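Number of protein chains: 2
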Amino acid sequence: MAVGEYPFPSMPPVAGVKLATASAGIKKPGRQDVVLIELAEGSRTAGVFTLNAFCAAPVTLCREYLKAASTRYLVINSGNANACTGARGRQDAIATSEAVAKLGGVQADQVLPFSTGVIGEPLPMEKITAALPRAHESLGDTGWEAAAKAIMTTDTRPKGFTGQIQHDGHTITVNGIAKGAGMIKPNMGTMLAYIATDADIAQPVLDDLCKEAANRSFNRITIDGDTSTNDSCILMATGKAGAAGVNEAEGILYEKVRELIVRAHEYLAKCIVADGEGATKFVTLEVSGGATGDECLQVGYAVAHSPLIKTALFASDPNWGRIVAAVGYAGVPGLDANAVRIHLNDTLIVENGGRADSYTEEQGQAVMDQAEIIIRIDLGRGSSAETLWTTDLSHEYVRINADYRS
Amino acid sequence: MAVGEYPFPSMPPVAGVKLATASAGIKKPGRQDVVLIELAEGSRTAGVFTLNAFCAAPVTLCREYLKAASTRYLVINSGNANACTGARGRQDAIATSEAVAKLGGVQADQVLPFSTGVIGEPLPMEKITAALPRAHESLGDTGWEAAAKAIMTTDTRPKGFTGQIQHDGHTITVNGIAKGAGMIKPNMGTMLAYIATDADIAQPVLDDLCKEAANRSFNRITIDGDTSTNDSCILMATGKAGAAGVNEAEGILYEKVRELIVRAHEYLAKCIVADGEGATKFVTLEVSGGATGDECLQVGYAVAHSPLIKTALFASDPNWGRIVAAVGYAGVPGLDANAVRIHLNDTLIVENGGRADSYTEEQGQAVMDQAEIIIRIDLGRGSSAETLWTTDLSHEYVRINADYRS
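Top line first, the protein sequences correspond to chains A and B. The first sequence begins at 24 in the numbering used here and counts up one residue at a time. The second sequence begins at 24 in the numbering used here and counts up one residue at a time.
It should be emphasised that the hints constitute simulated quantities derived from the structure, not laboratory data. The structure displayed is predicted, hence computed values, not measured ones. Please note that a few of the clues may not be correct.
[To be verified] Computed far set for chain B versus chain A, every beta-carbon distance over 12 Å:
1) G27
2) A38
3) K90
4) L126
5) H190
6) K234
7) A272
8) K333
9) H366
10) N368
11) Q386
12) T410
13) R422
[To be verified] So the derived list for chain A, only partly shown, Cβ under 8 Å to chain B, looks like this:
14) Y29
15) P36
16) G143
17) P147
18) G274
19) Y277
The beta carbon of each residue, even a glycine, is placed where N, CA and C say it ideally should be.
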């Protein structure tokens with residue numbers, strides 16, 4: 024199941040980026056499960072990663088390699104997360120980078136490794152290293168959709184974004200792919216996102232853009248509250264579009280590039296929510312009137328993580344009492360229940376500590392029958408606001424997660 | 024569904040306590056849905072309540088009445104929570120207390136009102152006040168099981184505890200009943216608990232015992248992470264056993280009474296977990312080796328609230344990677360993943376940042392096949408420890424909560 028239509032777009036090349044996929048047969052024989060991305064010399068790369076203390080070996084390595092050298096390759100496998108694999112996991116991640124480095128004639132620390140899939144199993148290194156030469160030989164400037172498919176785990180569809188801007192007669196392209204369907208939560212779930220542009224962006228500007236865009240997108244979505252060990256969001260800029268350089272966080276070119284990059288992240292994040300495990304609803308949570316942004320997030324996550332609200336959404340039941348209860352237990356100090364106003368889309372459902380006089384069950388039902396729902400919560404105590412995206416909790420979610428691995 | 028056998032015990036009277044039930048037909052015609060409890064003059068009462076900012080009108084009133092006067096009656100209805108009902112909700116709760124006060128010849132503030140059920144609907148006052156005289160006329164010193172049944176909502180079985188101690192030739196009895204099956208979380212879900220003893224306990228000692236026992240029981244259980252608007256735990260001491268008074272928090276009689284009261288709370292809390300909505304597993308989380316108790320709770324709740332872990336438990340799948348991931352994202356600052364050790368019952372599954380060398384899938388499967396499972400997490404950084412109880416997440420949970428109200 025998945026909500027709405029998010030068709031994979033037709034993607035033009037990004038100058039300076041080549042891709043390939045190959046089949047290593049990690050989990051299923053014949054499945055394309057390895058992706059190789061090559062960046063032209065002079066490209067710049069930034070990344071944000073899971074905050075999980077049990078972060079996977081490749082995540083630790085990516086952090087080190089990004090500091091040490093300029094990235095030329097990214098190698099991604101699905102089917103196995105190489106997480107909680109102890110010292111051997113680290114050796115395997117290093118060996119994967121070394122194998123790619125040898126093929127590409129670069130240093131090992133110029134190759135970022137990524138893994139997604141089951142936790143706790145050692146990587147099948149022979150299978151992976153056997154597939155890498157085939158991937159390297161077939162590098163080309165198309166293949167974004169094949170790559171998006173190869174990194175999928177419980178995803179039901181590949182996720183891609185493309186956009187272009189014109190500047191001084193040059194075309195700048197931003198392409199992005201992502202995967203992730205469950206275990207998604209603030210600070211990223213089992214999700215991988217790769218966004219590449221041929222804009223020329225200075226490293227400090229790129230680092231800040233990566234953080235800002237991830238924060239406004241992947242760190243604002245939640246499906247089940249779980250944060251995985253492997254999540255990574257990588258922003259790459261090759262500088263091969265021929266346009267002027269973006270050397271500072273100001274100016275018209277910066278603003279245009281920034282807008283497109285943030286939009287790419289937001290779109291991919293929404294694709295992940297809409298493909299949430301067992302999702303039948305796409306829910307936007309707009310929390311406003313907070314004294315701080317943090318308390319808006321606190322309330323938003325309390326609502327987004329409530330299994331009672333999520334099952335009511337699945338049932339298309341306008342059970343606003345469960346929303347009210349979650350707002351009440353979110354832990355906002357000194358919250359005045361009488362000042363809180365709650366809308367479902369444009370229908371006022373709660374004010375003055377209870378159901379709004381104007382509200383009718385028919386109004387609520389009409390909103391809940393839709394696949395895309397906005398829950399607006401005004402805390403009535405300040406001017407801060409935050410937006411989150413989430414899904415419902417369905418029988419299908421339980422089925423997927425009770426059956427996965429078996 | 025419910026886990027294990029928790030048969031309702033045969034309960035002796037508690038000297039000074041009378042009970043009755045009546046049918047007001049609040050949600051279903053003919054169902055016993057009103058409970059009246061009468062306490063002998065001179066009884067003392069203590070309570071702890073939900074921290075939800077949208078707490079229900081009766082909760083607010085109970086807090087006020089407990090401060091203002093000595094409680095002589097408790098009146099409880101199921102089928103309607105009288106929560107998020109604004110000014111009218113408060114009037115209705117007061118009117119309920121006044122109606123009982125008139126029947127019993129006491130002041131309104133000597134009558135504590137409680138409600139549980141659907142949020143946001145006004146109380147059907149005519150039905151309730153019509154049932155109260157019938158309840159008052161039938162007060163008697165048995166009827167604990169009938170009362171436990173009358174306060175049920177989605178519970179599948181009544182929950183009761185009884186125990187006695189002997190002291191200087193006197194018998195002291197502790198009886199308790201509780202309800203609650205979903206929406207259970209730290210600081211209490213939709214749960215009500217009434218524990219009565221004929222011990223003679225001074226008010227400050229009773230207040231502390233109530234807090235301590237609730238904290239070690241109802242505040243350590245979680246089913247779905249939701250905290251309701253109505254939760255209340257009431258401890259009553261009539262002093263009619265004839266035994267000596269417990270005037271201070273020391274001495275052999277205090278220790279005996281305290282042990283029995285804490286045991287009553289813990290047992291009722293476990294009954295609630297075992298009857299968790301759709302529960303097929305009873306899970307004990309023992310988190311040790313923490314630098315503080317709070318970080319043990321933080322880790323415990325992260326594991327207990329993870330839908331991925333809960334669905335794996337439902338599937339009897341020893342997917343220890345999901346446990347590791349939850350420990351990792353619980354947010355313990357500076358947690359050393361290599362120092363963490365995790366057992367399923369007595370089987371070591373994780374050490375040195377990965378799967379234990381000695382671990383086999385068969386061992387894990389053998390534990391997971393059981394209905395009662397202990398997950399032991401040693402953080403390896405201190406001497407604090409905490410214990411929580413929770414359940415799995417099943418299809419039945421989704422069915423119950425998607426269908427409730429409809």
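Comparing the hints with the structure gives:
Annotated as non-interface, B:G27 keeps its C-beta farther than 12 Å from every C-beta of chain A; the closest such distance is 21 Å. Separation of B:A38 from chain A is adequate, the least Cβ-Cβ distance of about 38 Å exceeding the 12 Å criterion. For B:K90, the shortest C-beta to C-beta distance to chain A comes to about 20 Å, beyond the 12 Å cut-off, and the non-interface label holds. Remark: the non-interface label on B:L126 is consistent with the geometry, its nearest Cβ contact in chain A lying 29 Å away (cut-off 12 Å).
At the 12 Å boundary, the C-beta of B:H190 stays outside the reach of chain A, the nearest C-beta of that chain being 40 Å off. Every Cβ of chain A is farther than 12 Å from the Cβ of B:K234; the closest lies at roughly 19 Å, confirming the non-interface assignment. Interface exclusion of B:A272 from chain A stands, the closest Cβ pair being 30 Å apart, more than 12 Å. A beta-carbon of chain A is positioned within 12 Å of the beta-carbon of B:K333; the least distance is around 9 Å.
With a least CB separation of 15 Å from chain A, B:H366 remains clear of the 12 Å interface cut-off, as annotated. The beta carbon of B:N368 is kept farther than 12 Å from every beta carbon of chain A, the shortest such distance being approximately 19 Å. Residue-level check passed: B:Q386 sits 14 Å from the nearest beta carbon of chain A, beyond 12 Å. Listed as a non-interface residue, B:T410 keeps its Cβ farther than 12 Å from every Cβ of chain A; the least gap is roughly 22 Å.
The beta carbon of B:R422 sits about 7 Å from the closest Cβ of chain A, which is not more than 12 Å, so the claim that it is off the interface is violated. Look at A:Y29: its Cβ only gets to about 23 Å from chain B, farther than 8 Å, so that hint breaks. A least Cβ separation of about 36 Å between A:P36 and chain B goes past the 8 Å threshold, and the interface hint is therefore violated. Taking 8 Å as the C-beta contact cut-off toward chain B, the hint placing A:G143 at the interface holds, the least distance being around 4 Å.
Checking A:P147 against chain B by beta carbon gives a least distance of about 16 Å; that is not within 8 Å, so the hint is violated. Here the hint on A:G274 is broken, as its CB sits about 38 Å from the closest CB of chain B, past 8 Å. With a least beta-carbon distance of about 34 Å to chain B, the hint placing A:Y277 at the interface is violated under the 8 Å criterion.
Consistency note: the structure conflicts with the earlier hints numbered 8, 13, 14, 15, 17, 18 and 19.
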